[in-house]
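For the protein sequence lines, the chains are V and P, in the order given. Be aware that the first sequence starts at 1, since it is given in my numbering, and climbs by one per residue. Be aware that the second sequence starts at 1001, since it is given in my numbering, and climbs by one per residue.
There's no promise every hint is true.
[Stated by the list, open to error] Which residues of chain V face chain P? A partial, calculated answer using Cβ under 10 Å:
1. Phe-30
2. Arg-32
3. Leu-42
4. His-46
5. Val-47
6. Pro-49
7. Phe-50
8. Gln-54
9. Ala-57
10. Ala-114
11. Ile-116
12. Ala-294
Derived from the structure by calculation, the hints contain no laboratory data. Quick reminder that beta carbons are idealized off the backbone N, C-alpha and C, glycines included.
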Amino acid sequence: MDVAFIIETIAKIVVILLIFSALAGLGTYFERKVLAFMQRRLGPMHVGPFGLLQVAADGIKLFTKEDIIPQNVVKPIFKIAPVITAATAFMASAAIPFWPQFTVMGYTVHPIVADINVGILYVLGVMAIGLYGPLLGGMASANKWSLISAARSAAIFISYEVITGLALLAPLMMVGSLSLVDINNYQAGGITNWIVWSQPVAFVLFWIAAFAETGRTPFHLVANDHEIIDGFGTEYSGMRWGLFFIGEYANMFFISFVIAIVFLGGFGDGTFAGAFQLILKVAFFFFFFLWTRAAWPDVRPDQLMWLCWKVLMPIAVLNVVVTGIVMMF
Amino acid sequence: MHHEEVFTDRNVSEHSAYYYVDIENYPVTGWDKFKQVVKRAAKGELFVGLWVVMREMIKFDIHTVQYPKEKLPIGPRYRAVHKLLRLWESGYERCIGCGLCEKICISDCIRMDTRIDENSRKEVTEYSINLGRCIFCGYCAEVCPELAIVHGGRYENGSEQRAHFVIKDDMLTPLDLLTAGEQSEYPGFGAIIPGSDASVKKTPLAY
């Protein structure tokens, strides 16, 4: 392992961390603006032009707030929980190819931290560990709302892991590789080669499950304001709460990348146009997260479980079986 | 044509004026619930919702009032912090010190002091309203025979002390503003209705 490789990897990690931390902040800005426009409001307008510096103001506020540890909490777990959420979100990004490889001054850069051969499995696995953020934070908070939220997060995340896994199984059977780069190259032939055309059911299932995995609005039961205050975040303030937030928004971006790469052709053949299209696809999926939040109501926890185990999982299993039969003949 | 509502029969519910809203029974079995979900999903209700919010975003018909920069007009009968007005011609205070406002004030927050000045005219030396007690009912403005105390439209009250808004000097129209024609005849609470001169009837003298 030579020095250049280590330096390059560290540089990539720093760049990804910086870009996606900033994007998480900007994500909150876009969310507030899009929600506002859809509700005939203006959203943040006062800090900077069109309220753009609101992100900076929020950041300063979060950083300088007092770090409150309430009285009866389990201190070490309470303190580590937000770090788990944020860290696992960023760890999951290690196996995602954000951009096709490009050459700068004769040096070929692969914009992926680690092109491991079990890429998608690693991404989903680490994202699943992110469950421990809300779970531990909620259980350690000595607050009943947080406890309910912790129970819900455990139930929802574990249930929908089944859907994500089964939904991805069918495309993976077709591609024959778990590496996201391989999955992308499988669809490099253009729009007709996209897996979404051959696996539309898996696409929709994975998309639905992505809402549960990121805890976004139709399935926003983990921190549902009108039922359980802020759920696991109730007792958190300042930067610890901010870490939960960064983790959630980074997760939204990463899951958008995964959907775009697995089902919608990713960056295609690796030209600049393909890379630009990937950005557009990710932007659409991120926008859709905000869009549904403005349009759709939340479901009840029992409805969510019902949907998962009695509707989506049988469909996912059927999809895998049908895919297998079609591939066999 | 003169329309007269017939009220001979008040038992409207018996003659199908009321009807039950058509609500299906809630599904009981799992299969019925599944069918309901499929029916609702196939109806595209979710996409109608998505379209509605997208339509509003595209129309960009924003209703926000950016408050410190923009202000909504308030009604002329709005009852904000009081004002004391002056006579247009002479610049004297309109208040004649009759004390009716002090008397009628139901939260007992008006305090005035008067004396007889050199011209044998009643002069108001002190006039203050305790805004901590005032409920802005408007009785003082209504009872005032001289249109001297009225409710203004100033609702942005930021100060270190409430008393700053209701010292007599603050409420009274300053003389320079009066000569500049800045005192507006208050059209709101307790004021004379526009055109009321025309509706004044002369008191018949010969009974």
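Hint check:
1. Phe-30: Constraint on Phe-30 (chain V) not satisfied, violated at 13 Å.
2. Arg-32: violated, 13 Å
3. Leu-42: holds, 4 Å
4. His-46: holds, 8 Å
5. Val-47: Hint violated; Val-47 (chain V) Cβ to chain P Cβ min 13 Å, cut 10 Å.
6. Pro-49: violated, 14 Å
7. Phe-50: Hint violated; Phe-50 (chain V) Cβ to chain P Cβ min 12 Å, cut 10 Å.
8. Gln-54: Status violated, d = 15 Å.
9. Ala-57: With a minimum Cβ separation of about 17 Å from chain P (threshold 10 Å), the hint on Ala-57 (chain V) is violated.
10. Ala-114: Nearest chain P Cβ about 37 Å off; hint violated.
11. Ile-116: Constraint on Ile-116 (chain V) not satisfied, violated at 37 Å.
12. Ala-294: Constraint on Ala-294 (chain V) satisfied, holds at 4 Å.
Violated hints, in rising order: 1, 2, 5, 6, 7, 8, 9, 10 and 11; the structure is consistent with all others.
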